[in-house]
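Let the sequences and hints guide you as you build the complete structure.
Single-letter residue listing:
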Amino acid sequence: MVIKSIIKLVTLAAVVSFSVCENAMAQNVFDKSKVEASMVKALEWQEAHPIMAIAPTDWTVGAYYTGVARAHAATKNQIFEAALKNQGYNNNWQTYKRLYHADDVAISYSYIYLDMTFKRKDFVNLKPTQDFLKAHILEPNKWSDGTAKNKDENILWWWCDALFMAPPVINLYAKHTKDESYLDVMHKFYMDAYNKLYDKEEHLFARDGRFIWTGSDKDMKEPNGKKVFWSRGNGWVLSGLALILTDMPENYKNRPFYVNLYKEMAGRILELQTKSGLWHTSLLCPETYNHGEVSGSGFYTYALAWGINNGMLDKAKYLPAVKKAWVALTKCQHKNGMIGWVQNIGAFPEPASEGSWQNFGTGAYLLAGSEVLKLQK
Amino acid sequence: MVIKSIIKLVTLAAVVSFSVCENAMAQNVFDKSKVEASMVKALEWQEAHPIMAIAPTDWTVGAYYTGVARAHAATKNQIFEAALKNQGYNNNWQTYKRLYHADDVAISYSYIYLDMTFKRKDFVNLKPTQDFLKAHILEPNKWSDGTAKNKDENILWWWCDALFMAPPVINLYAKHTKDESYLDVMHKFYMDAYNKLYDKEEHLFARDGRFIWTGSDKDMKEPNGKKVFWSRGNGWVLSGLALILTDMPENYKNRPFYVNLYKEMAGRILELQTKSGLWHTSLLCPETYNHGEVSGSGFYTYALAWGINNGMLDKAKYLPAVKKAWVALTKCQHKNGMIGWVQNIGAFPEPASEGSWQNFGTGAYLLAGSEVLKLQK
Amino acid sequence: MVIKSIIKLVTLAAVVSFSVCENAMAQNVFDKSKVEASMVKALEWQEAHPIMAIAPTDWTVGAYYTGVARAHAATKNQIFEAALKNQGYNNNWQTYKRLYHADDVAISYSYIYLDMTFKRKDFVNLKPTQDFLKAHILEPNKWSDGTAKNKDENILWWWCDALFMAPPVINLYAKHTKDESYLDVMHKFYMDAYNKLYDKEEHLFARDGRFIWTGSDKDMKEPNGKKVFWSRGNGWVLSGLALILTDMPENYKNRPFYVNLYKEMAGRILELQTKSGLWHTSLLCPETYNHGEVSGSGFYTYALAWGINNGMLDKAKYLPAVKKAWVALTKCQHKNGMIGWVQNIGAFPEPASEGSWQNFGTGAYLLAGSEVLKLQK
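Residue numbers (our numbering), protein chains in the order written: chain H, 105 to 481; chain G, 105 to 481; chain C, 105 to 481.
Quick caveat, the hints were computed from the structure, so don't treat them as lab data.
Copies of the same chain look alike in the list, so a pair counts if it works inside one copy or between any two.
Here are the computed lysine-lysine pairs in the DSS-like style, where the Cα-Cα straight-line distance is at most 25 Å: (1) 255 to 225; (2) 223 to 253; (3) 225 to 253; (4) 145 to 439.
Since this is a predicted model, take the numbers as computed values, not measurements.
Encoded structure:
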């Protein structure tokens, strides 16, 4: 009987102290130090669980280290610096190999960031990046030529993910080399993608040509009859725009196009946030997979917080949404640091789960944190 | 006085809650999710503590990743997939270098598994494995020639560990390439080893020629006068047989030999299990090192559970032994995930300790878990 | 009301049990197993957070793995062995590239240690180390020639850190190859540094020529008017001397010089220990950055404990200081194993913080632990 009452006591005490703790967390989740601590835990878990699709220079790794680079820029925490330098050194500063494929240069964002930030002579080697970019932009290839077998692949950046993979890299390289001509070529290809994939009524990007409605019965539809707009796909675009605008010269002639597109998409994304604070994998049919998904949501949280921090978005209107999103994102982080609820590699809405993770999901979380911790300024 | 009574209270409560917890664990240790969680912790600890004898392509690493491959096959958990891909990529799909030495191709089990499972074009490169296997099987060498200085080394696979290192790899490669001729050559060398090392009375393998009794006074004896049969050595053979039978065609002409050998050894191993549930390093003289050892025990647990799951062994007879073994194995896992009580690299019975670990011990644990979690079906 | 009283109870209990725990720790902090456990945690955190200045063969990594090597020598714990072998193998046994620069051969201490300790044929390759040492010692270069632009750089080892980077490596290589001529050349260069940088009144080393007083108004001064002596800089020298004396033959003709220098500096360092048990970054002006710093303090703790263990220092006089220092060092280790309060890469006194870390700081901690755990003998 004594033992029983003690068990009750301990159980009760545990419940009480848990509640106290939860409360405290809710109050402190925006403290700069809490945000940074959560980001560090995410980084540590991800570094201990390296993953790739095909190579440590592929786009999955590239997107992750873009998040790490922004995390470093925001915090100057050496733990992010060390991770960035290790991967660049171990990759020997190489891109992946398909010179016509935007995915394969995403990794270079981190290389250029390192070179610009640390200015360490004989450390970063940007020659492979330079070679890639020149070939990517200037040399004829089956996509930009329109000679690819798949007729949906008739422009260089024929899928919307590409707008995260290459343009922010080209943009940062233009800044680093002070060569605006890179921006001009980037803009030409960006416009091709915009003209092909952007839905001017919905203010969202189709993932690729398969999802553009032609008026035919064969048009891809969600169960509720609406168009298919993929959360992560639009997350690539919107967060890519925030990355581009961060480093594009204020007076660059085409900057207004990117500002306008950013604002227009941001407004639409705000409307589509669900009650939980997260976005589901299908933006217009959230009921298909009825749960928040972290990669898309992380990209949106980053992009919207960035807009608030940079005077692009109305704080009164957007801040509550960003706060709600960040609180929800932190609940997707496991106790060991892992970022769960990430849809696996794909090209359209598919479900995630508590235990599903990918390096680019961690990257999206780091991007989000990198702007959320500036909100308290 | 108040403080003293609180200390007592807290201490008592801690004891109580510990007992509750222990109880709960005993009940749940076979839950699929508990088994998988334990395997993931083992993998995570091992990945954070890479170790090798001489190279990251050596047999210690090979045996570990064979365990990781089976863990992935059983769970489809991406954490195992990522670890497998990383090591293969980082090893550039190379074997180790001695083409006549079975040890040096053990790593290829994981490469072939990856290629068969993910079918990712331009990722796995099986050319080095193919080159190794052809040279290993077809080219004359000092062992298969019988020209080695050491007269105990007069067959290709002159030590019983080799029957884990090469045959399961050849067998899986035969399946992948649908080329049964590999099985025929494998069988020839396997029979050489069987004829030389298998003790038809004890139904156990001598580790190598040094341990075969010739009737001389110089024959190696345990302190109790019995023959020396090494737990891990026989673990290599029995778990190797389970691996082989998993992928050998049902109708392959020599399959009955492997089935019979498997069943015969399994029966003997069952008899030799100690009360603790684990096997000691010396099978016939368990009192020499009076504690369970995890690498041999892990291999046996895997092999016996596999036999139950595949209808090779009588469930009523073997299941209690497997359950007892798994419970005992889980107690050798430290709180941080580390698998202890593993005899270090060796060639005959030597002691282990709570803190002794090796990657192949973790591999044995993963193999065991990979079949234990199917027991609940 | 019931809930409130339980919260109080739990809080009180927590405080009580914390005090008990603290007490227990204070009593046990010198237990060999506690020291080793703390070293293992430090190693594990550091291995999970690889960092470098410019390459995984640079001096920061070299100093770290020198600590790991001594940790292995003291404990024979396989966790240190595995880390040493991994880095050597992954570095392909290369030094860094500037053959005239002492920093770039520091990594070879770990390579030589591995080769001497494990004697594994075809594993360690000491050819790059041999090539480096020959070029470093024998080939003319801008520093030993006195042709460097900077007139402070007119000897081979013109900054005191160098006395940790190269001489212990040359000394160990001389022992391994049984070639005393290496010691003779080392001694020549060591004397150049001693004659230039050692302050015979203060019994401390100037970091480099900039800090040597010439009687001019431009002489570098601390705010309190004293000379600038850097804690880590002198830590490099004193711990380097302990490393050298560990492996220099007892009957080597110049050994008395090193013994005398070691004892003289040790006496001065003892005087400069602060009340907290640690040394501050500025030895003669500890008030500038008013906190203990771990890299210098770790090196001193190692060197003083080594002197006690090897009969070089008076135990009654030095042991209390070493104990106080170790207790203070352990308080700089975070719960996750990280060693904090390490001044970042630099060349003179600068502050550290609870969260500042570097691999060589971890190395200093491991060195300290490697001798502290022998104190209980």
